[in-house]
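Engineer: Starting from two chains that each stand alone, build the complex the way the hints lay out.
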Amino acid sequence: SQKIEQNSEALNIQEGKTATLTCNYTNYSPAYLQWYRQDPGRGPVFLLLIRENEKEKRKERLKVTFDTTLKQSLFHITASQPADSATYLCAPLGGGKLIFGQGTELSVKP
Amino acid sequence: NAGVTQTPKFRVLKTGQSMTLLCAQDMNHEYMYWYRQDPGMGLRLIHYSVGEGTTAKGEVPDGYNVSRLKKQNFLLGLESAAPSQTSVYFCASSYERAGNEQFFGPGTRLTVL
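Protein chains in written order, with the numbering used here: chain A, 601 to 710; chain B, 5 to 117.
Rather than coming from a laboratory, the hints here were simulated on the basis of the structure. Treat the numbers as computed from the prediction; the structure is a model and nothing was measured. Backbone N, C-alpha and C define an ideal beta-carbon position, used for all residues, glycine too. Do not take every clue at face value.
One side only, chain A facing chain B, incomplete, derived with CB under 8 Å [what the hints assert, rightly or not]: (1) Asn627; (2) Tyr628; (3) Tyr632; (4) Arg642; (5) Gly643; (6) Pro644; (7) Phe646; (8) Leu649; (9) Asn653; (10) Leu693; (11) Lys697; (12) Gly701; (13) Gly703.
Pulled out of the complex, with its shape left as it was, chain B reads as follows (with noise of 0.2 Å):
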């Protein structure tokens, strides 16, 4: 039982570029999210995802986008990176009910030039 599990764990990007995080979890939880991590600022909602083929837009979703074709995957695109999008991002599920408690993925450490 791995959890949640995301891949890349590191990259780096020149501006323009493309790249998709993937996130993968083997707990059956109806609950999906992509959060990004940034000095001072908390954890922040960028997407997730209450079941498979749903996706719907949290707090900094400009920029990103997802997909969640499978249950147990959730991936994250950036059409085209910025240097503002230097970030950690981690991936997180959950049982059906907003609110139960969330388990996260190791995160992404991704970095924009």
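Same shape as in the complex, but just chain A (with noise of 0.2 Å):
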């Protein structure tokens, strides 16, 4: 079956460093891979969208990356402040929905 693999501990950064979250996936060829940002208590929120013939996709200071032959999207924030503190989720594109990683928690301490 489709699995989709996100770093499952979270993810604990100096402001300023760069944040890079990784997101796996097994048994299927997605045509495209989306990033979205969960706050505690609210619902996703979408950030960025990676199409297969993309290797890079930039938006002021997120980079999401995609490997087709590993099986595997790389999701950076660069000069990463407070305010990035959130769970990101991969949501690969598969039989014609997406499937949703379990997200990975990202703290940046100032």
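Structural biologist: See the structure below:
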């Protein structure tokens, strides 16, 4: 069956550093993959979409890569800020629908 | 422009009781979705709709029913609640094409005793 894996352990980094979150998927080949941010007690908010023919996508301090050979997407936040602290969900497209990973919690300390 | 709204925000039910969760969107989206989110499990799709009058099963549909009588509303029903249905429920909507970004509501926290 289709499976999504994100780092289950929280990621703690210092303000100003680059945060890198990993999303691995198995048993399918998504045409594209989305990343969402979720704050406690709130619904997820869309951040970025990357297609299978795109190696990299950028939006301000965010960068996403998509390696279809490794079946992996990396999500980077450069010059991280305490306001970036949240849970980040990856969601590859599978069977015509998004399949969400369990998310990785990021904590940026000042 | 309120986006996606959900009613109620919190609810406590006893086993066997029924209830309906309401989702409304004002963005004229064709697609609407109901998810549940449990610790360590991520978002799991319960049911979805690709347009007014249509519904389809997602990954975990058992114990739930849905209706989409109006384009802007998507209702999720629990006919006989069970403790296993304790969860946070999110509604989302998107433009016509599957895979477009989804806009989520604030969630409903449901506890079944």
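Engineer: Confirm or reject each hint.
Structural biologist: Against the structure, the hints come out as follows:
1. Asn627: violated (15 Å)
2. Tyr628: The hint is violated - Tyr628/A has no Cβ within 8 Å of chain B, the shortest such distance being about 14 Å.
3. Tyr632: Holds - the Cβ of Tyr632/A comes within 8 Å of chain B, reaching about 6 Å at its closest.
4. Arg642: Interface hint status for Arg642/A: holds (6 Å vs cutoff 8 Å).
5. Gly643: holds (3 Å)
6. Pro644: holds (5 Å)
7. Phe646: holds (4 Å)
8. Leu649: holds (7 Å)
9. Asn653: violated (14 Å)
10. Leu693: This interface hint holds because 5 Å falls under the 8 Å limit.
11. Lys697: holds (6 Å)
12. Gly701: Holds. Min distance 6 Å.
13. Gly703: holds (6 Å)
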